[in-house]
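Peer 1: Each chain is listed here by its residues.
Protein chains: 2
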Amino acid sequence: MAKISWLPIPRGSHFSLSNIPFGIITTASSQSPRPAIAIGNQVLDLAVFSSNDGFSALPSIHPYISVFSQPTLNAFAALGRPVHRSVRDYLQDIFMDDTKHPQILKSNTMLQQIALFPLKDVQTHLPMQIGDYTDFYAGLNHAYNVGVMFRGAANALQPNYMHLPVGYHGRASSVVISGTPIRRPWGQILDPKVPIFTQSKKLDFELELGAFVCSANKMGEPIPINEAESFLFGFVLVNDWSSRDVQAWEYVPLGPFNSKNFGTTISAWIVLTDALEPFLGKGLENKTEIQAYLEEARDENVYDINLEVDLTTKSGTTTITRTSSLNLLWSFPQMLAHHSITGCPMQVGDLLASGTISGTEPGTQGSLLEQSQNGKEALKLQGGDERKFLEDGDMVTIRGVCGVDEDALVGFGECIGRIEPSIKL
Amino acid sequence: MAKISWLPIPRGSHFSLSNIPFGIITTASSQSPRPAIAIGNQVLDLAVFSSNDGFSALPSIHPYISVFSQPTLNAFAALGRPVHRSVRDYLQDIFMDDTKHPQILKSNTMLQQIALFPLKDVQTHLPMQIGDYTDFYAGLNHAYNVGVMFRGAANALQPNYMHLPVGYHGRASSVVISGTPIRRPWGQILDPKVPIFTQSKKLDFELELGAFVCSANKMGEPIPINEAESFLFGFVLVNDWSSRDVQAWEYVPLGPFNSKNFGTTISAWIVLTDALEPFLGKGLENKTEIQAYLEEARDENVYDINLEVDLTTKSGTTTITRTSSLNLLWSFPQMLAHHSITGCPMQVGDLLASGTISGTEPGTQGSLLEQSQNGKEALKLQGGDERKFLEDGDMVTIRGVCGVDEDALVGFGECIGRIEPSIKL
Ligand SMILES: [Ca+2]
Ligand SMILES: [Ca+2]
Ligand SMILES: [Mg+2]
Ligand SMILES: [Mg+2]
Ligand code: NI
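Sequences listed follow chains S and D, in order.
Okay, so the first sequence: first residue is -9 according to the numbering used here, each after it adds one.
Okay, so the second sequence: first residue is -9 according to the numbering used here, each after it adds one.
Just chain S, same shape as in the assembly (with noise of 0.2 Å):
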């Protein structure tokens, strides 16, 4: 049964009661970047909550409340998960018809007046400070198109595919909150012999899961894989835009570099661990024997997100993919124990990220790369366009939600980016 808000919540809202995903916002009415929850078509401005005796029934929180008037949310997120735990209930508990303190915000108009804002009117923006982001490759789906195009179906997974959750260091500068435009890149391609230097013909999108880091492991302590489930903050969409082009001549041998670092966007809510736990189920299956430490105890170790990018041009958007995010190999708990096996110091605010999410078939794929196996099949939108890759002026929605019951949905948002025309060089 959907819990009952006082504060009308939308049928098929992603931010339900079931939900309550932070983020950070700015007013008209103040600049301040500050914490702030999503409910329904609403925020509740946390810092105004806060300093108005909002938290006055959580007296466990009281030690920490200046994590509520802090510009990113790092500060509140290395409070451990047993405190965003009791923050989630408790925030839940204010909202609910049948709430325990109606004294706090349900009868009191004046607080709601001034922490109470229609979604639509705040700006969002990096909900935390990152550190490092780390892009992983745990899209079996993905990774075996991709290699199915460029080495053949019977090479198409690299020996080591199987056995690690494969994964690069990513550009954390370029990390850009939802509605960010970003710019077509200027870089060196193969044309087709000899390098020129251009605007990338082959602009893409991927569409991927992506985590934050809640605890510091210290550096040369590995994190236990059955203890990594606890160093996870919550979840946002990403979309890592790639350069299919400056990708392909540049990253033999040490990887993806410019093809990535121009920008990677993420949606501006925080799902918080606890908020997806009811929707883990089985990842993609792996008959290889993994070593002891990536390992889980649990078997249901993957989320099940109903994700969508949508593709939109002059002529109209289109729906392009529909998966969902069990489509990975490897979950987050496996990418962290991997990572700091070194000893790898692992701190609050980094991102790690999913890989693209691609399903099998025709239109569950999370890449125009696949999609138009690389610009050699135009794909046929909605009003009559076409594209192999994406053009200026495009715009990629991506979207993810969990549940069925509309009233209780688990949702993201959406995570968006429009491409702009290159700089004049």
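A few of these clues could be false.
Each pair may be met inside one copy or between any two copies, as identical chains are not told apart.
[As the list claims (entries may be wrong)] Below, in silico cross-link-like pairs of lysine to aspartate or glutamate (EDC-like), each with a Cα-Cα straight-line distance of 20 Å or less:
(1) 414 / 290
(2) 110 / 381
(3) -7 / 83
(4) 208 / 410
(5) 414 / 211
(6) 414 / 285
To be clear, the hints were calculated from the coordinates, so they are not data collected in a lab.
Note that the structure is a prediction, hence the values are computed from the model and not measured.
Given chain S, work out where chain D with the ligands should sit, using these hints.
Peer 2: The following block gives chain D with the ligands in isolation, referenced to the frame of chain S:
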């Protein structure tokens, strides 16, 4: 002619009056990290110096004087090259025997007593908060030597190598200050056909030069090649510790990851770009025609730093590498222009490393991978030890110094790390 100081500076000191490198220190009397310069066998505590009117004769710095009480040099770096220059010039004058301002420090024994500490008594800390760390691969001889080893002489260099500064994003959180112990990492390696989980058996060092960024470009706007030098605050020595067996198994197709993220050591004192200016020379010749965005107006764009690596084992200390940082195909301005050509936002505090610097002769190579031919030939060391790769307890010391006048050296001091045994798992 060497500049003469009223402070006794030993002949052969890396920290002559011609240098004035900046770092972050704590002392027994104060555990607050704060800026300092190294001079001879002493350091000048800039927090104490500035709060006792040490900068009274440099009015232009007064609006920014708080940068000298910060726990990192980021705020000072962000003031820009002209300010670094004026502060360095001023501090040089303060220590000159014929200083224009003797009352500030030369004849102010009270301030000398509270602001000067013996170098051996201070603890150094990471000088910058590092946002992103990028490791390039600009050491042509290293790339060639390694390529010959794995692919033969005909295919030693990848097709892109002479066309662009190959690089990859590294792990910023793993960068540590000289002296920090480095734990031998665990990881997956091929043995010989199936992956096993083990302590790395091929632990190596990499001799590199690093640069810190002091200005930010706007996202989407490349840094023009001939402005790039003004984005470089200064330089440090870098040891990019590498696990060769982990690297060999993991690195296809997305590049090195766990093989590098367990630790990267930098030297403590940042030698300002201005201090290195007199030591510019020609790097390695590139006969390939390069794209205009990489073409520098000047011909001499690489520093001539004499580099040495000592390997200390139980049996003694052996200098195993002697080379020059002229052994680079690409300059740091070229790396920065390439890094940002996509619009990648560079930020104050970013660290760029050169890639391994090797000469062409035996005894000039900047890694054990090259010196032992990937473990085929053991190096003979002082006192009878032999090494193919690093063993537990081994210590690697990198030194770098410019110039021949023993009274006017511009040096980096040392970049040191000792290998600790793997953690028990
Ligand atoms: Ca990706
Ligand atoms: Ca390196
Ligand atoms: Mg990206
Ligand atoms: Mg390293
Ligand atoms: Ni002289």
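Peer 1: Compare the structure with each hint and give your call.
Peer 2: Results of checking the hints against the structure:
1. 414 / 290: Answer is neither; intra-copy 50 Å and inter-copy 29 Å both fail.
2. 110 / 381: neither (28 Å within a copy, 60 Å between copies)
3. -7 / 83: within (10 Å within a copy, 72 Å between copies)
4. 208 / 410: Answer is between; shortest inter-copy Cα gap is 15 Å, intra-copy 42 Å.
5. 414 / 211: between (48 Å within a copy, 9 Å between copies)
6. 414 / 285: Between. Shortest inter-copy distance 18 Å satisfies the 20 Å Cα cut-off; intra-copy 51 Å does not.
Checked against the numbered hints above, the structure breaks hints 1 and 2 and satisfies the rest.
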